[in-house]
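*Asks:* Protein chains in written order, with our numbering: chain A, -8 to 324; chain B, 251 to 777; chain C, 15 to 246.
Hints should not be assumed to be uniformly reliable.
[Stated by the list, open to error] Coverage of chain B stretches by chain A, computed from C-beta distances (three or more under 8 Å per stretch; other residues unrestricted): (1) 351 to 364; (2) 447 to 458; (3) 482 to 491; (4) 569 to 579; (5) 626 to 640.
Simulated from the structure, these hints should not be mistaken for laboratory data. Beta carbons are placed, not taken as given, at the ideal position from N, Cα and C, and that holds for glycine.
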Amino acid sequence: MKKFLISAVACVVAQTGGAFAGGQTLTVYTYDSFVSDWGPGPQIEAAFERSCACDLKFVAAGDGAAVLSRILLEGERTEADIVLGLDTNLTAAARKSGLFAPHGQEPKGLTLPIEWNDEYFLPYDWGYFAFVYDNTRLPEAPGSFKELVEEYPDLSIVIQDPRSSTPGLGLVLWMKMVHGDRAASAWSALDSKIVTVTKGWSEAYSMFLDGEADMVLSYTTSPAYHAIAEGDSSKKAAIFADGNYLQVEVAGKLTSTENGDLADKFLAFMLADEFQSIIPTTNWMYPAALDRNSLPQEFAELPVPEIALLYEDFEAEALRKDAIAEWRDALTR
Amino acid sequence: MARRANPLIALAGAAAIIAVALVTLVPVATLWINSDRLLGRSAEFEVSAADIAALRFTLLQAFLSAAISVVLAVPVARAIFRRKFFGRELLISVLGAPFLLPVIVAVIGLLAVWGRSGWISAVLISAGYERISIYGLSGVLLAHVFFNLPLATRIILQAWSRIPAEHFRLAEQIGMSPSDQFRHLEWPMLRSVAPGAFLLIALICASSFAVVLALGGGPRATTLELAIFEAIRFDFDLGRAASLALVQFAIGVAFAVVVLAGNREIGFGGGIQLNFENWSKNRTWAIAIDAFAIGSLIAFVGLPLLAIFLEGVGKLPTLPPETWPALINSISIAMLSTAVSVFLGLALSVRIASLSRFPGRAVEIFSMLALSASPLVIGTGLFLLLQPFVSPFNLALPVTALVNSAMSMPLIVRILLPACRRTVEVYGPLVDSLGIRGWSAIRLVYWPSLRSPAGFSAGIAAALSMGDLGVVALFAPPEFATLPLVVYRLMGAYRTDQAEGAALLLVMASFALFFAFDRGGRLGHHA
Amino acid sequence: MDITLDRLFLRIGGFELRANCRLESNRAFALIGPSGEGKTTLLQAIAGFLSPVSGRIEFGGRDFTNIRPSERPTTILFQEHNLFPHVSVYNNAALGVRTDLRLSKVQRHHVISVLDRVGLSGLRDRMPGELSGGQRQRVALARALLRSQPVLLLDEPFAALGPGLRKEMLDLVAEIRAEYIITLVMVTHEPADALRIADYTLLICKGRVSPPSDTQEFFAHPSVELKSYLGL
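Pulled out of the complex, with its shape left as it was, chain A reads as follows (with noise of 0.2 Å):
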């Protein structure tokens, strides 16, 4: 038993002294799933590895809100050189904190619906969020926000909360937006087909795939993910006539990096068609600057909203608190 236990320890030890070896080394910090073998972290490290001639180490810390924490936490000390992961929602507080630097990058060829001009962070991937329903189940979905909001009585949603997941701020944003200083009394009305708000995105869409509710909050993307890895064409995406909001991934660097050559390399990198081309099926999310005839198939067959959302990041960030109450009030009472 104490010899397992040593061997055991050793064994830990060992897989954390690795990964310190060999030259130049380039640290980013990122989501969780970003790393998993499914993830896009695997394929694009070896990518990059090739290229570079140096060790890009990968550093999953939670989910995006979680990463950003972790830099605030760590400030001028971090060994991170490059975070990967925030989103629009996050993007002003990052900015605020002043451990970012300017990207200094002239991002080429960006497939976002709308336009990117912010000089801190660059965009990799991104999405239109959307309530993804089984057409086995449902076979008819809403048009629409209000129609989500006023019709359709027996339906059934699962959502995220805004106060510990970056989907569920988001709704909460769209919501905002679509329905401007009516946005509580349809939050009331929703609430009834509301079944229950989750912590993050797994839980809600593990209960949606379980059969809890009709539809879940995830992305316009998602069923692309089951028609490529399961042959499963039923999972449908509702396009909503009246806007679906947008989520964009950035990637930022950090002003204390040592390895400020090597991480501008890697910017240019996360532009470039090799790291693009690895996003679709690894991250399911549409990526920033990938020609569209250069998508897989099933990406390229998926409808898209006609209108883009998406408020800018310093205005989410002055909207949030008071969006978060309205929903809490609303739903509580």
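Chains B and C: place on chain A using the hints.
*Replies:* This is chains B and C only, laid out in the frame that chain A set:
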């Protein structure tokens, strides 16, 4: 009565108290000191109506969860105590299982049975009734009772078997009816053990968060823990997080003082634990009640576990390679945490048992505080404390082991303390008069009578550590993952199937560890 | 009430004991024999805590073999653990009247008078832990009297007491037995105890129980087995 402390025990007891402080007061203090570090605005602490609502819901659900768990545990523990049936030992072990399930796995298992598309709804619909919806307070209570009823049952079962068999023999001899036997023997036992079990469960439930959200049906079901999470993750307001953490501690202490103040340990005295037939159990209605209690327990606890097994078992062969090193990491951390926590927990329990009433209670209540500690506050606090000096990556193992040990301390103390008190009561004078000291006192006197509860608490500590996700996240070096982390990563990457397989692997590994420790402790012992 | 042990056969682990005899009503019997030969086992069987392999136990001509201990006409005092340590002296005794402790005024007076009778006046509110060993067994004796069962079984309850105290307790038992009309069966390893209060003595040796003999006669003309037990 205060007893002169065995120096070895006093030293280890002090180490245990320091460990508890390291996960409770120290992180909160660190957050306070660093409250200007992040972007947090509010230097002064504002209490919103929403905070009050969260506080009220926290207290309500914790109180109800604990009360229901403990009350239901009484007939169940009694049935298991007095029946011999096939698989009894296995059932006692399986009672550890729900407690060690990672939250997301437990929710999946519960919903497979109780959900809108679950088995019960399916049966109801095919019988022409409406499907059931558990979301709301009932869902929260259901989940918390699922987690904690088995724990309460184990604790009460252990207390039952501490009533010397001679007392039951005497009760039979003077012809006590079952209700009088309950009143004179079992009720005093329950009065001494149930408040502790209630407190433990109330504190566990008070800091629950993901379960409350998933099954609570919306923001009506909000706990303080969520507010702490929001403060750190989205408001970047360490001062507010520290204030909320203090409120959470205050609740914990208030609960503990109220519950433990009126709680007296009952001196049942020693006995030779002779074997004899307990006659009162042979009435028909007693058999029916016991069969119903055991049957309901098996259905209530077993069905969700069965669902988890069925969902995951087919997916085990599809697990990605990252699963296996993660499994080894999780087991290593669990072994280390368990060794530390059982050693410290034993020392602390023996120490508390030998202290006089007031300081004993104070230390006991302090040790319970770790249950009210938010894992996120602990992680953040220790991270802020250590990161200026050492790369956190180099501390993953010791910090995780320390935190896991300290977090399981309240459970271990709760489980060991009654047995310790009894050992000190019965053998204390003998130990003193023979002058047995140091290690040999532990080996000869305490260990033999504490072996069974120590095995159970080691099992719990190991399983808790296996399922832990909270603290390791901030300290985990690159390419280092634990099994729960892998489960969440797979889920986050849409790989629900593999996640369910990995979750089953996690459950099986946790259970194997739990089983090994728990059975190891009970071999050759009764219950 | 008389006791019949009809071809009784007991077994615990590898140990076996046979008895076939009748114990007359309202007399005192001593069970004597080397330790480990089954004196306690036999008493446990009479009290109902041990089921025989075969044979019958009768009280007053009625078969009680399969009747639970609390429904037999017996009270047994064990070597130890006769009191609930967390229950007061008064309540420990009162449990002999009603186990739900709902006593009428008359019953309460009765409990107090019996406690006085066994010499415990003034100690009613104590807890068992605060009493001496002799006092504890007096409480147990008081409860036995309050239960007023016709058969009293003593499993060496006074063995741990000093010689003087033991004699005192035995005399108390003898007096009480005469007052309350009780059949007494007492385990002992001291011939003096048997001679002091037992009308008849049974020897338990090598798995067999000898039939009851007159105690004075028994010790005046010891059998071979008794001689070897007494070391003569």
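*Asks:* Now tell me if each hint is right for this structure.
*Replies:* Tested hints:
1. Evaluation of the coverage hint for the region 351 to 364 of chain B: fulfilled, as 5 residues show C-beta separations to chain A shorter than 8 Å, against a requirement of three.
2. Note: the region 447 to 458 of chain B has 0 residues with beta-carbon separation from chain A under 8 Å; the three-residue rule is not met and the coverage is violated.
3. Counting residues of the region 482 to 491 of chain B whose CB lies closer than 8 Å to any CB of chain A gives 4, which reaches the minimum of 3, so the coverage claim holds.
4. Interface restraint, the region 569 to 579 of chain B with chain A: holds (6 residues with C-beta to C-beta distance below 8 Å; minimum three).
5. Counting residues of the region 626 to 640 of chain B whose beta-carbon sits less than 8 Å from any beta-carbon of chain A gives 5, enough to reach three: the coverage restraint holds.
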